[in-house]
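Take the given structure of chain A and dock chain B to it, following the hints.
Single-letter residue listing:
Number of protein chains: 2
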Amino acid sequence: MIELDPSLKTPLYEQLYAALADEIRRGDRAPGTPLPGRRTMAAQQGVSVNTVDTAYQMLAAEGLAEPRPRSGFYVQKTYGMLHTRTPRPAPQPAVPAALAEAPVPLFDLSTGSVDTALFPARSWGRIQKELLYQRPELLQRGEMQGDADLRGEIAQYLSEYRGVECTPGQIVVGAGIEYLLGCVAHLFGGNTVAIENPGYSRTRAVLGNSGIACTLVDIDRDGLSVAALEASGASLCYLTPSHHFPTGVTMPATRRAQLLAWAAEQPGRYILEDDYDSEFRFDTRPLPCLQGMAGADGPVVYLTTFSKSLAPGIRIACMVLPQSLLARYRRDFAAYANTVSRFEQQTLCEFMAGGYFTRHLARMRLAYKRRMETFAAALRAALPGVELDGVHSGLHFLLTLPRAESETAMVQTAASHGVRLRGLSEYYMTRPELCRPNTVVAGYSALKEDDIPAVAAALAAAWCAFL
Amino acid sequence: MIELDPSLKTPLYEQLYAALADEIRRGDRAPGTPLPGRRTMAAQQGVSVNTVDTAYQMLAAEGLAEPRPRSGFYVQKTYGMLHTRTPRPAPQPAVPAALAEAPVPLFDLSTGSVDTALFPARSWGRIQKELLYQRPELLQRGEMQGDADLRGEIAQYLSEYRGVECTPGQIVVGAGIEYLLGCVAHLFGGNTVAIENPGYSRTRAVLGNSGIACTLVDIDRDGLSVAALEASGASLCYLTPSHHFPTGVTMPATRRAQLLAWAAEQPGRYILEDDYDSEFRFDTRPLPCLQGMAGADGPVVYLTTFSKSLAPGIRIACMVLPQSLLARYRRDFAAYANTVSRFEQQTLCEFMAGGYFTRHLARMRLAYKRRMETFAAALRAALPGVELDGVHSGLHFLLTLPRAESETAMVQTAASHGVRLRGLSEYYMTRPELCRPNTVVAGYSALKEDDIPAVAAALAAAWCAFL
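Protein chains in written order, with the working numbering: chain A, 464 to 930; chain B, 464 to 930.
Isolated chain A (complex conformation):
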């Protein structure tokens, strides 16, 4: 029994963390053994599950414990390796999957991964190598907004493929949407932003951290509701109009026009348009973005990322600032170095200039389309009565089983059959009662084509009671 003292200034989760860390360091808890379940520990110690969870997360981040999906936390097996100052031992061989105690998901249908087999490693690597040997000036600091030639390539691409209206001078390259959203937030200090519900909780975290008040606005069948936006009193609006995350709704033209009218109605109103995965639309050519409808001087900040089109591990995103924000941005960020390595900026620049990027996108679109069709067909065959929504764009769709017991039951039985996916209600930051019942989000970007029959079979077995 660990003794916690609520009268101390140190929070309970830190006390619990410190006590467990001591036990692990002393060897009182053997490497590889499980920590008590969160609810058990919470009941034992008379604290909330959240307190236990925070303490466990701290142990994990410290390298003292290891989370195992659907199974809880275990004392780190390799503990000791990182904490010694003696010469580093040889890397430990990975634990073979068959020996691991906990059921590890075999198939991952979460969003946010990519199929690494589609990455153009050969051409990317060749360009990268040439730049390293031939352009030593790239070791020096570059331009604050990103290298001018890369911004030129991006401007041309966004204009041709996404209907963005901008000059290279309006583009800011950065190491991820979170970083760029943080910069945008600075420009809007004191404002309130409306965020789609359901939607990206990440956006709320970033804008909230940066001092912007966030208010959640429900979506309807056409996406963010302009009436609800008006009622929210917000002067900023963050949205994903091309392919709403996670429902997949594409905002129709009339709703877009209403949104732009809302923004034009009062000075200081702005739309933050996140065009995160619009490269992947399989039925028709993607709709042009809101930024293009509004024009280069319109009240729209356009954001997009290369995480889907290249890889999430290569941290390149960009935004297009309207002229009205540009001078202030440049003044306030003049002292900042760009956050993307110049070698990666220039590798992307050459990759785009040489035509590799658009060919790579065309290849990926084809591969993902085929995978989506195969996967959807396999699911429809294996799961009689299943409803699939939002299949024509993006890299995930919604899967509804009308006769399921509950969304939670769907997620849990799938996990116990080796398939990891999230329920739609998990994306609701408020009012989860509005969520369509018995619906999960199925991402297929990291799913191997050969695995599709096995995934469909696993889900059919998991959900046999719901069919």
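These are computed hints drawn from the structure, not numbers from a lab.
A couple of the hints might just be wrong.
Identical copies carry no separate label here, and so any pair may be met within one copy or between two of them.
[To be verified] Simulated crosslink set (DMTMM-like; lysine to aspartate or glutamate; CA at most 25 Å straight-line):
#  : residue 1 : residue 2
1  : Lys592    : Asp610
2  : Lys832    : Glu912
3  : Lys592    : Asp578
4  : Lys540    : Glu600
5  : Lys832    : Glu600
6  : Lys911    : Glu600
7  : Lys911    : Glu850
8  : Lys911    : Glu593
9  : Lys832    : Asp914
10 : Lys832    : Glu466
11 : Lys540    : Asp612
12 : Lys911    : Glu836
13 : Lys540    : Asp610
14 : Lys540    : Glu606
15 : Lys832    : Asp852
16 : Lys832    : Glu868
17 : Lys911    : Asp578
18 : Lys911    : Asp852
19 : Lys911    : Glu606
20 : Lys832    : Asp578
Just chain B, lined up with the frame of chain A:
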């Protein structure tokens, strides 16, 4: 004559920018021709020099004009290339230096560059290539604080070489000090930070942008004065104790102890220690950092960068958070992806684990020490009466000519003889009258050894009246 209308809501600099941009786009101002000098334009238009400068900077960022050092702004020669949607023309050959109209500095003594010839391109490139082909999992998203094995290597390095006391779990890897300072600022919202004067104006910009009130505190011969810090009322203190930027002062042990006592006196007081270039100390082993004196749980956030030890174009920096800030940091930034590409994280990790990094540092230290000694000797020979300060550490020193007319005269005559350097007073954010007179900051990190006699000769010619 351009017509500006002060009664409009559009700021004057934007009006001026827009009018000039139109003229350039219409071809009324021929590519390659100079724009009027800033003072001339300001007088013509009846606006401030600052207004003109902002408009010119906007044109430059737009790619419409091009700044040339010590010469002003010119209409962009290659304008048009970036603004067409027709296929991209072949890249324009660079303008040979002999044809350029303006005197371009031949020798750059500014700080912040590195000698690209010292970069270990071969081993770096080999590791990078292996990772790209052999570890496709690096394409996926990594850990929020940075990859655990890289953090392990950094913790070990900082412990052995800088006396930092921390576990890998306390380390946060990020794409540059500015990004990391922005994260730190979030943790200290509502506080006031004391910043060294003279010092890094960048720090003031970043912390100010992030909502932290900044107050400037004068340094004395031992660095930041604790009495002045007390008097400032600040609860945070940003400083460069190992090698004050730009004066080169190393803070002695007693002053360090006083600073830690200041921090310990009240809860919520923290020191932000920027150890930006302490790898380069030539006389004695570097002093251990403040963070190590305070211990892993002490009130110090330690920041350092790989910009000097590797290259500024590769964006890797890191910070060490004390336990007291870690839980809050992890909670508030849980949704953020790390800002450094995983390939570059892992290249650095292998580079450190394989022993390349410490060997590379030893080689650089030797090369820079030799360069410093050669340069200092050449300057002492060429400039009778010159005083050099802060030669024993870092990659720059102070150069004083007691009999010079003024600092400005030193900077301008050097520039007209092809040597770019900055005056010490330029680093004073307030009270420049405290600045030691007739002193410039001479960085030698990007100076080729073969160029040293020519630089010394150019400065002797530039400053002959001051000797």
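Now the hints, each set against the structure:
1. For a Cα distance limit of 25 Å, the shortest separation of Lys592 from Asp610 qualifies both inside one copy, at 19 Å, and across copies, at 23 Å.
2. Taking identical chains as interchangeable, the C-alpha atoms of Lys832 and Glu912 lie at most 25 Å apart only when both belong to the same chain, with a minimum of 11 Å there against 58 Å between chains.
3. For a Cα distance limit of 25 Å, the shortest separation of Lys592 from Asp578 qualifies both inside one copy, at 23 Å, and across copies, at 20 Å.
4. In this homomeric assembly, Lys540 and Glu600 come within 25 Å of each other (Cα to Cα) only across copies, at 22 Å, whereas the closest approach inside a single copy is 44 Å.
5. In the homo-oligomer, the alpha carbons of Lys832 and Glu600 lie at most 25 Å apart only across protomers (23 Å), although the nearest pairing inside one protomer, at 41 Å, exceeds that limit.
6. Proximity of Lys911 and Glu600 under a CA criterion of 25 Å is satisfied inter-copy only: 14 Å between copies versus 41 Å inside one chain copy.
7. Proximity of Lys911 and Glu850 under a CA criterion of 25 Å is satisfied intra-copy only: 22 Å inside one chain copy versus 68 Å between copies.
8. In this homomeric assembly, Lys911 and Glu593 come within 25 Å of each other (Cα to Cα) only across copies, at 24 Å, whereas the closest approach inside a single copy is 32 Å.
9. In this homomeric assembly, Lys832 and Asp914 come within 25 Å of each other (Cα to Cα) only inside a single copy, at 16 Å, whereas the closest approach across copies is 59 Å.
10. For the identical chains of this complex, Lys832 and Glu466 are neighbours neither inside a copy (56 Å) nor across copies (56 Å), given an alpha-carbon limit of 25 Å.
11. Only between protomers do Lys540 and Asp612 lie at most 25 Å apart by alpha-carbon distance; the minimum there is 15 Å, versus 48 Å within a single protomer.
12. Proximity of Lys911 to Glu836 under the C-alpha cut-off of 25 Å is restricted to the intra-copy arrangement: shortest distance 13 Å within a copy versus 60 Å between copies.
13. For the identical chains of this complex, Lys540 and Asp610 are inter-copy neighbours only, at 18 Å across copies versus 44 Å inside a copy, given an alpha-carbon limit of 25 Å.
14. With identical chains, the CA atoms of Lys540 and Glu606 are at most 25 Å apart between copies only, with a shortest distance of 19 Å across copies and 45 Å within one.
15. In this assembly of identical chains, the alpha carbons of Lys832 and Asp852 lie at most 25 Å apart only when taken from the same copy (15 Å versus 66 Å across copies).
16. Within a single copy, Lys832 and Glu868 get their C-alpha atoms no closer than 31 Å, and across copies no closer than 73 Å, so neither meets the 25 Å cut-off.
17. Proximity of Lys911 and Asp578 under a CA criterion of 25 Å is satisfied intra-copy only: 8 Å inside one chain copy versus 46 Å between copies.
18. Taking identical chains as interchangeable, the C-alpha atoms of Lys911 and Asp852 lie at most 25 Å apart only when both belong to the same chain, with a minimum of 21 Å there against 63 Å between chains.
19. When the C-alpha separation of Lys911 and Glu606 is checked against a cutoff of 25 Å, the pair qualifies only between copies, where the shortest distance is 24 Å, while the shortest distance within a copy is 40 Å.
20. For the identical chains of this complex, Lys832 and Asp578 are intra-copy neighbours only, at 13 Å inside a copy versus 48 Å across copies, given an alpha-carbon limit of 25 Å.
Taken one by one, the earlier hints fail for this structure at numbers 10, 16, listed in ascending order.
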